[in-house]
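With chain A's structure known, arrange chain B on it following the hints.
From first to last, the protein sequence lines stand for chains A and B.
If you're matching positions, the first sequence starts at 1 in my numbering and goes up one per residue.
If you're matching positions, the second sequence starts at 1001 in my numbering and goes up one per residue.
Incorrect hints may appear among the rest.
[As the list claims (entries may be wrong)] List time: in silico DSS-like cross-link candidates among lysine-lysine, alpha-carbon distance up to 30 Å:
#1 A/Lys86 <-> B/Lys1062
#2 A/Lys78 <-> B/Lys1103
#3 B/Lys1144 <-> A/Lys107
#4 A/Lys36 <-> B/Lys1144
#5 A/Lys97 <-> B/Lys1159
#6 B/Lys1140 <-> A/Lys98
#7 B/Lys1159 <-> A/Lys75
#8 B/Lys1040 <-> A/Lys86
#9 B/Lys1103 <-> A/Lys107
#10 B/Lys1159 <-> A/Lys37
#11 A/Lys100 <-> B/Lys1154
#12 B/Lys1103 <-> A/Lys44
[Said to hold, decoys possible] Computed beta-carbon distance windows for the label pairs:
#13 A/Lys119 <-> B/Thr1055: 55 to 65 Å
#14 A/Arg92 <-> B/Lys1103: 29 to 39 Å
#15 A/Lys2 <-> B/Glu1096: 43 to 53 Å
#16 B/Val1076 <-> A/Arg117: 22 to 32 Å
#17 B/Lys1106 <-> A/Ser17: 31 to 41 Å
#18 A/Ser17 <-> B/Lys1144: 26 to 36 Å
#19 B/Lys1143 <-> A/Arg69: 24 to 34 Å
Since the hints were made in silico from the structure, they are not lab data.
Note that CB positions come from ideal geometry on N, CA and C, so glycine has one too.
Residue strings, one per chain:
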Amino acid sequence: MKKKVLIVDDEEDILTSVAMLINNMGYEAKTANNGKKALEMLKKQKFDLVLLDILMPGISGREVLENIREYPKLKNQKAAFLTVVKLSEYGRDIMKKKLKPVDYFQKPINVSDFRRRIKKILG
Amino acid sequence: MAEESIIVGKLCNNQNILLVSSSKDHNQVLIDLHKAVSNKFKGILAILTHKSAATLASEFKKNNIDYSNYFFIDFVEEDNKPKRCFTISSLFALTELALKIEKIKKMYKTDLIILDNILSMLIYNNDVTVLRFLHDMMVKVRKKGGKAIYSILKEGNEKLIADISLFADEIVEI
Chain A
1 MKKKVLIVDD
11 EEDILTSVAM
21 LINNMGYEAK
31 TANNGKKALE
41 MLKKQKFDLV
51 LLDILMPGIS
61 GREVLENIRE
71 YPKLKNQKAA
81 FLTVVKLSEY
91 GRDIMKKKLK
101 PVDYFQKPIN
111 VSDFRRRIKK
121 ILG
Chain B
1001 MAEESIIVGK
1011 LCNNQNILLV
1021 SSSKDHNQVL
1031 IDLHKAVSNK
1041 FKGILAILTH
1051 KSAATLASEF
1061 KKNNIDYSNY
1071 FFIDFVEEDN
1081 KPKRCFTISS
1091 LFALTELALK
1101 IEKIKKMYKT
1111 DLIILDNILS
1121 MLIYNNDVTV
1131 LRFLHDMMVK
1141 VRKKGGKAIY
1151 SILKEGNEKL
1161 IADISLFADE
1171 IVEI
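Looking at chain A on its own, in the form it has when it is part of the complex:
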């Protein structure tokens, strides 16, 4: 069975292009254009990885991951950030301690680096 990746971003272009990349790698991509929808999907089905944008209207990517960590069934969910935000050291520290993302991808994506790191996460 194909491993499933949920991509969460408010920009449709990003959702489409990242989903295409993920599908081309042999995984199954699903998309959500806001944090609320993402949380609903995560509670209904199992995903091997969630790729989260940070700055989104409504529930931000940080809040989505906070919710994931607080929800018993999802607390071990693998999640990574996919964002234009350049985290400060302070921010990286908070992330590491509280939210525990498995990786952090900077937009715009370097495709070959993205593929290599996604493969490493999903095996």
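Here is chain B on its own, set in the frame of chain A:
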């Protein structure tokens, strides 16, 4: 005043500081901050989103703060503006604000920006727009050198503070 000295100390090692204070203490915290930094920087750019530069200048006079090295950006059209004051058409106009900051930084030697405060920006813009603006500003400060302090009221802004924490260098809560 001791708390404001902490901020000055934090500015040695950090470029972008988020200053969180309660609404009750906010005005005094900012005055004390200006007192603590006014003679420590070559040029200070004060961005005022909730009061005019004239009001701040009169507060400076009342508190014996030398503001000869200050530049101001405000959003209020009035006659008695202090010297070196630039007015932006509206708090909606964040691009205009970003360009004006760039221009002032290019033309004059400003090595500290104090933005007071983030909350007023949220009256005219949604939170993602404000977060993107602050993120871009922090990236520019980091890239081009200098320091910046961004003030925000504590009450009711926990979500926004947590989001800004991801890209600010330090959070100081007073």
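Here's how the hints hold up against the structure:
1. A/Lys86 <-> B/Lys1062: 40 Å, violated
2. A/Lys78 <-> B/Lys1103: 44 Å, violated
3. B/Lys1144 <-> A/Lys107: Cα-Cα ~21 Å, so holds.
4. A/Lys36 <-> B/Lys1144: 37 Å, violated
5. A/Lys97 <-> B/Lys1159: 18 Å, holds
6. B/Lys1140 <-> A/Lys98: 27 Å, holds
7. B/Lys1159 <-> A/Lys75: Within the cut-off at roughly 21 Å; holds.
8. B/Lys1040 <-> A/Lys86: Answer holds: B/Lys1040 to A/Lys86 is near 29 Å, not above 30 Å.
9. B/Lys1103 <-> A/Lys107: Roughly 27 Å separates the two Cα atoms, so the pair holds.
10. B/Lys1159 <-> A/Lys37: Measuring from Cα to Cα gives roughly 19 Å; hence the hint holds.
11. A/Lys100 <-> B/Lys1154: Status holds; Cα separation ~26 Å.
12. B/Lys1103 <-> A/Lys44: Between B/Lys1103 and A/Lys44 the Cα gap is close to 51 Å, so the pair fails against 30 Å, i.e. violated.
13. A/Lys119 <-> B/Thr1055: 55 to 65 Å: For A/Lys119 and B/Thr1055 the Cβ distance comes to about 58 Å; the hint holds.
14. A/Arg92 <-> B/Lys1103: 29 to 39 Å: 32 Å, holds
15. A/Lys2 <-> B/Glu1096: 43 to 53 Å: 49 Å, holds
16. B/Val1076 <-> A/Arg117: 22 to 32 Å: 49 Å, violated
17. B/Lys1106 <-> A/Ser17: 31 to 41 Å: 36 Å, holds
18. A/Ser17 <-> B/Lys1144: 26 to 36 Å: Check passed, 31 Å falls within 26 to 36 Å.
19. B/Lys1143 <-> A/Arg69: 24 to 34 Å: 32 Å, holds
Hint check: violations occur at hints 1, 2, 4, 12 and 16; the rest are consistent with the structure.
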